[in-house]
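Chain residues, written in single-letter form:
Number of protein chains: 4
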Amino acid sequence: MKAIALNATLKASDGDKSSTEKMLELVLAELRKEGVEGGVVRLADFNIKPGVKSDEGEGDDWPELRSRILDADILVLGTPVWLGQPSSIAKRALERLNAFISEKDDGGRMPAYNRVAAVAVVGNEDGAHHISAELYQALNDVGFTLAPNAVCYWVGEAMGSKDFKDLPKVPDSVSDAAKMLARNTVHLARMLKEKGYQPVS
Amino acid sequence: MKAIALNATLKASDGDKSSTEKMLELVLAELRKEGVEGGVVRLADFNIKPGVKSDEGEGDDWPELRSRILDADILVLGTPVWLGQPSSIAKRALERLNAFISEKDDGGRMPAYNRVAAVAVVGNEDGAHHISAELYQALNDVGFTLAPNAVCYWVGEAMGSKDFKDLPKVPDSVSDAAKMLARNTVHLARMLKEKGYQPVS
Amino acid sequence: MKAIALNATLKASDGDKSSTEKMLELVLAELRKEGVEGGVVRLADFNIKPGVKSDEGEGDDWPELRSRILDADILVLGTPVWLGQPSSIAKRALERLNAFISEKDDGGRMPAYNRVAAVAVVGNEDGAHHISAELYQALNDVGFTLAPNAVCYWVGEAMGSKDFKDLPKVPDSVSDAAKMLARNTVHLARMLKEKGYQPVS
Amino acid sequence: MKAIALNATLKASDGDKSSTEKMLELVLAELRKEGVEGGVVRLADFNIKPGVKSDEGEGDDWPELRSRILDADILVLGTPVWLGQPSSIAKRALERLNAFISEKDDGGRMPAYNRVAAVAVVGNEDGAHHISAELYQALNDVGFTLAPNAVCYWVGEAMGSKDFKDLPKVPDSVSDAAKMLARNTVHLARMLKEKGYQPVS
Chain R
2 MKAIALNATL
12 KASDGDKSST
22 EKMLELVLAE
32 LRKEGVEGGV
42 VRLADFNIKP
52 GVKSDEGEGD
62 DWPELRSRIL
72 DADILVLGTP
82 VWLGQPSSIA
92 KRALERLNAF
102 ISEKDDGGRM
112 PAYNRVAAVA
122 VVGNEDGAHH
132 ISAELYQALN
142 DVGFTLAPNA
152 VCYWVGEAMG
162 SKDFKDLPKV
172 PDSVSDAAKM
182 LARNTVHLAR
192 MLKEKGYQPV
202 S
Chain E
2 MKAIALNATL
12 KASDGDKSST
22 EKMLELVLAE
32 LRKEGVEGGV
42 VRLADFNIKP
52 GVKSDEGEGD
62 DWPELRSRIL
72 DADILVLGTP
82 VWLGQPSSIA
92 KRALERLNAF
102 ISEKDDGGRM
112 PAYNRVAAVA
122 VVGNEDGAHH
132 ISAELYQALN
142 DVGFTLAPNA
152 VCYWVGEAMG
162 SKDFKDLPKV
172 PDSVSDAAKM
182 LARNTVHLAR
192 MLKEKGYQPV
202 S
Chain H
2 MKAIALNATL
12 KASDGDKSST
22 EKMLELVLAE
32 LRKEGVEGGV
42 VRLADFNIKP
52 GVKSDEGEGD
62 DWPELRSRIL
72 DADILVLGTP
82 VWLGQPSSIA
92 KRALERLNAF
102 ISEKDDGGRM
112 PAYNRVAAVA
122 VVGNEDGAHH
132 ISAELYQALN
142 DVGFTLAPNA
152 VCYWVGEAMG
162 SKDFKDLPKV
172 PDSVSDAAKM
182 LARNTVHLAR
192 MLKEKGYQPV
202 S
Chain L
2 MKAIALNATL
12 KASDGDKSST
22 EKMLELVLAE
32 LRKEGVEGGV
42 VRLADFNIKP
52 GVKSDEGEGD
62 DWPELRSRIL
72 DADILVLGTP
82 VWLGQPSSIA
92 KRALERLNAF
102 ISEKDDGGRM
112 PAYNRVAAVA
122 VVGNEDGAHH
132 ISAELYQALN
142 DVGFTLAPNA
152 VCYWVGEAMG
162 SKDFKDLPKV
172 PDSVSDAAKM
182 LARNTVHLAR
192 MLKEKGYQPV
202 S
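The listed protein sequences derive, respectively, from chains R, E, H and L. Residue numbers for the first sequence follow our numbering, beginning at 2 and rising by one. Residue numbers for the second sequence follow our numbering, beginning at 2 and rising by one. Residue numbers for the third sequence follow our numbering, beginning at 2 and rising by one. Residue numbers for the fourth sequence follow our numbering, beginning at 2 and rising by one.
FYI, nobody ran anything at the bench for these hints, they're computed from the structure. Certain hints may be false.
Because identical chains share one entry, a pair is satisfied inside a single copy or across any pair of copies.
[Claimed, not checked] Distance condition first, Cα-Cα at most 25 Å in a straight line; then the derived DSS-like pairs of lysine-lysine:
#1 Lys34 to Lys196
#2 Lys12 to Lys50
#3 Lys166 to Lys12
#4 Lys196 to Lys170
#5 Lys180 to Lys170
#6 Lys163 to Lys180
#7 Lys105 to Lys180
#8 Lys3 to Lys196
#9 Lys34 to Lys105
#10 Lys180 to Lys194
#11 Lys50 to Lys166
#12 Lys180 to Lys18
#13 Lys54 to Lys163
Only chain R is shown next, with the shape it has when bound in the complex (with noise of 0.2 Å):
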């Protein structure tokens, strides 16, 4: 079983260290006891050109992370918390997945079907039941499969300015949380493959 984590921090590896990044790197330790393996992928590290086809040509890089979220069994999106909202990169990874609406196979199945989806938020306050809203839903209208309590979060106190990475010790709730995640997804990503979703005639 393989996962991708994308994290959709505005900043690249050469920049800052990355809350959404420990975020997920929290995850995939709990994936990985479950015998999951993958690694973290920095977006802004990438040329993900504007546009919703699956490759926007010339220099996209889209193309080779498609590639790599295919060969996945479970995606697990990481965004930051900007104005309550998930950051535009996160926005331009789920636009460059629309197009899997329009890969449709003949018995109506797209291209992420039979993959798990989750999602990490990191903020410094207010936001993450927004942001899980929001990329549940467009995760799923691309065909992503939920399991219960995909999400793994932390944010402050209202009007904060702690960051996650900053933080002595990862709250027990926080890790619990991780723990959860990674305990269904893999449990529905396993089933999954086993048996996938059978088509529409």
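Add chains E, H and L to chain R, keeping to what the hints say.
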């Protein structure tokens, strides 16, 4: 396999015909083709008291509804669109389902685990994507699993006033969505009935 | 100048103390410093019937509330956070305000024109930005004007359970937000009282 | 009085015709009738670097755009609908406007204070209410004022594929909304130009 469809229209059964009811009947018909039995419950006919507990005391009809929800393998939550948002009655049902979060078993599993949810949305105009986002998030937060393309919806053109119940024919895109929703949801519900989510120790 | 603050907590006045009430009193205190009088109305104490008309008949308390809302220059809508979303009671009030859309005068102006709205949100955790988004949109759709930074909110850290009403001291960031909200909202309400929106012929 | 309309379509100017552009031109035409001059800026033609500062360094076109935004009295943000949500380019612009929150003057006022914002949304189908909600909240958070009915939108029937740019005629409901938006927005912008928000000491 059993399904329960909750109709969150603002109208009680003795009122006007409900477009949401028509949409839920469409989804139930497809579920029946997959071997699932079930019916629609009109929430406006019940006294669902405000609160976030499973029982809000004297005169509260929620305990009965809660028991019917947990008796089913599949929950379809149907809501009309008002101001681009789900109805207050849909929100009331979600608030009461909130209690599941504090009713986990020793393995961290909520009462809704191993049950699959889907969503139906009907309106004169615009709002279905947002409503599915909010409902997916709330239903997922309280323990339901979501199959891909878990929404069946219809809304008319911007600022329009056509009613789904008055359309001379259900659009093919809506029939197809209902069929796909049923196919995927039942597949998942069957697998989870056979082998449910494992506890986290 | 008059304000009305609607408290959309799920609890009636004879129940537990309301964190939303505390937040609304904070906002009202700042409005009073700007020369505006007003009080809090606990919506759960009223029978607001489901529907989208200004009067839903026998036993409906909305007509009285509607008249008090239109009697004020400023509306503050306060809601608790449940599942990251506004309460069903806040939604009920918005559904009833929906009627304004079909009550335009000959110049295309709804009854709420020249009135300014603001929002107050309180929860144990995460949800304030999304709630202000939904409330802004619904209030704006039914004719209210919004001053900058029209929300005053508090939520605790992710997955926390602290209550605003139990904080030993209101955080400075919250007091500042209340002050700014009051300053801006009253400025706008004064100007609109002097010279309101012009009709479209 | 000056307006600036930002077109957040995913297509650069040398690409296909933009439905969002057509909608923004409609709004600008109405603004001109109210004595406001202004034009459309196609954001996809610019290099808006990821980040949340007003200047993200070498090659960043945002400082120029920021200056044009602050030079105008009215901002109209136009976005296409993808997956029921605003475009990644609209989100990018909002992230950059986020910097206003830390650029308050001594009186607590952000650079956008006394400027009025409005929103334009165009899509094949469903998403306009949610998008206006998200844009209202973000624009309000960074200091803009919102007149009533501050959105002009068009989307087709559920799951439709018609483009606004291909409609033989702009629907009356859309023309009326553009007119109302312009009338209200200009009224407010004029008043705020005459007498702006007062500082909080």
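Going through the hints against the structure:
no. : hint             : result
1   : Lys34 to Lys196  : both (23 Å within a copy, 20 Å between copies)
2   : Lys12 to Lys50   : both (17 Å within a copy, 10 Å between copies)
3   : Lys166 to Lys12  : within (14 Å within a copy, 36 Å between copies)
4   : Lys196 to Lys170 : neither (40 Å within a copy, 35 Å between copies)
5   : Lys180 to Lys170 : within (16 Å within a copy, 35 Å between copies)
6   : Lys163 to Lys180 : both (24 Å within a copy, 24 Å between copies)
7   : Lys105 to Lys180 : between (33 Å within a copy, 15 Å between copies)
8   : Lys3 to Lys196   : both (17 Å within a copy, 21 Å between copies)
9   : Lys34 to Lys105  : between (33 Å within a copy, 22 Å between copies)
10  : Lys180 to Lys194 : both (21 Å within a copy, 22 Å between copies)
11  : Lys50 to Lys166  : between (29 Å within a copy, 23 Å between copies)
12  : Lys180 to Lys18  : within (23 Å within a copy, 36 Å between copies)
13  : Lys54 to Lys163  : between (38 Å within a copy, 18 Å between copies)
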